[in-house]
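Asker: Below are the chains, spelled out letter by letter.
Number of protein chains: 2
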Amino acid sequence: MLNIGVLGSGNGSNFQAIVDAAKRGEFEGRVCCAVSDVADAYILERASKAGIPGRHIDCGPSKSKAEGVGAEKIVEYMRGCDVDFVVLAGFMRIVKDPLLSEFSGRMINIHPSLLPAFPGLASWKQALEYGVKVAGCTVHYVDAGMDTGPIVLQRCIPVIDDDTPESLHARIQKAEHVAYPEALNLISSGRVEVAGRKVRIVKD
Amino acid sequence: MLNIGVLGSGNGSNFQAIVDAAKRGEFEGRVCCAVSDVADAYILERASKAGIPGRHIDCGPSKSKAEGVGAEKIVEYMRGCDVDFVVLAGFMRIVKDPLLSEFSGRMINIHPSLLPAFPGLASWKQALEYGVKVAGCTVHYVDAGMDTGPIVLQRCIPVIDDDTPESLHARIQKAEHVAYPEALNLISSGRVEVAGRKVRIVKD
Chain G
3 MLNIGVLGSG NGSNFQAIVD AAKRGEFEGR VCCAVSDVAD AYILERASKA GIPGRHIDCG
63 PSKSKAEGVG AEKIVEYMRG CDVDFVVLAG FMRIVKDPLL SEFSGRMINI HPSLLPAFPG
123 LASWKQALEY GVKVAGCTVH YVDAGMDTGP IVLQRCIPVI DDDTPESLHA RIQKAEHVAY
183 PEALNLISSG RVEVAGRKVR IVKD
Chain Y
3 MLNIGVLGSG NGSNFQAIVD AAKRGEFEGR VCCAVSDVAD AYILERASKA GIPGRHIDCG
63 PSKSKAEGVG AEKIVEYMRG CDVDFVVLAG FMRIVKDPLL SEFSGRMINI HPSLLPAFPG
123 LASWKQALEY GVKVAGCTVH YVDAGMDTGP IVLQRCIPVI DDDTPESLHA RIQKAEHVAY
183 PEALNLISSG RVEVAGRKVR IVKD
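These protein sequence lines are chains G and Y, in that order.
My numbering puts the first sequence at residues 3 to 206.
My numbering puts the second sequence at residues 3 to 206.
Just to be clear, a hint being listed does not mean it is correct.
Since the list can't tell identical chains apart, any single copy or any two copies may satisfy a pair.
Straight-line C-alpha distance at most 27 Å; calculated BS3-like pairs for lysine-lysine [as the list claims (entries may be wrong)]:
#1 LYS127 - LYS205
#2 LYS75 - LYS51
#3 LYS205 - LYS25
Simulated from the structure, these hints should not be mistaken for laboratory data.
This structure is a prediction, so every number in the text was calculated from the model and none was measured.
So here's chain G without its partners, still in its complex pose (with noise of 0.2 Å):
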């Protein structure tokens, strides 16, 4: 049974998802945290709806890197709501230790492209750019680069003729809210190995 804490940092769709997956069953564990940089962000709204505690944290003056003093409050928080398990849903900050060696291999990211596609900022836009056939989702392990950790899963839509960054973001997201959950199944049911980059999925 994981204890799921999730980090994010705003609208919380992917921790809406999770939340209702949960509900139903569909993996083994419960959300019991909701912790954002961003004070006024929409996650924490969805976790006060959802009865779940959620708090901002202030991850000092980098925006770009959770790290020294604003990771270790994230990490004293996560402790204290016993979160054994950390979801990133949209935390648009570099993961740096403590939170980072505190919760190695017991943290995952989902990236809205086919990874090694596509890092960083903005997938969707840099997949329109390119002009990308084939779009998709990564579920990941969180390590010390960007977007670059050991990947348990990825999901491939297509890209329309005529999508919009908008409209391909979108199909990209209704992916995200399948794969993390089933991600979160292969993980809280234990049948995840990771061995250097590669993670295996051991059978039923």
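Chain G is already provided as a structure; the job is to place chain Y on it using the hints.
Answerer: For chain Y alone, coordinates are given in the frame of chain G:
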């Protein structure tokens, strides 16, 4: 009706797939010649067996480029065969002028990855080493870069935990043998519009 010239350096399995698809009427075109920079490449034997003119053309000292006199010889031979569209099928050199300019916008390649991921050599090995869960192939127009031209279509295939480089490569090739005739069907029926990096498929 496309008059297709195929350029290859090796086994020529995509050449064969295209010849077979043309016979079955899967696109509006015919393969009128095969050219190889490798004297004993099996693609030339396949051409001979299919009754299609084949020619070894020495492409000069650089093993990674088709340029200068070598490229010119290919252009001359292709002109003599009335080629109006060039298909690269395992051609292991980067295409330079005058070959590139002669067939600008009329030359496509197939690459064994979901570009822009894993350009260059042995993409299937790169994919396995990275640990992706989805692989595939990309049909793209040829430009001056390596595997960088506008994308006509892409097809996904799953990576399986027990894949070896050989088993993954075989699964990708199977997808290629379907994707390449599909792309030629779109192009030969005039449904492909290229604008910058974006390729639109006009509806039937």
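Asker: Run every hint past the structure and note whether it holds.
Answerer: The hints, checked one at a time:
no., hint, result
1, LYS127 - LYS205, "between (36 Å within a copy, 24 Å between copies)"
2, LYS75 - LYS51, "within (24 Å within a copy, 72 Å between copies)"
3, LYS205 - LYS25, "within (25 Å within a copy, 43 Å between copies)"
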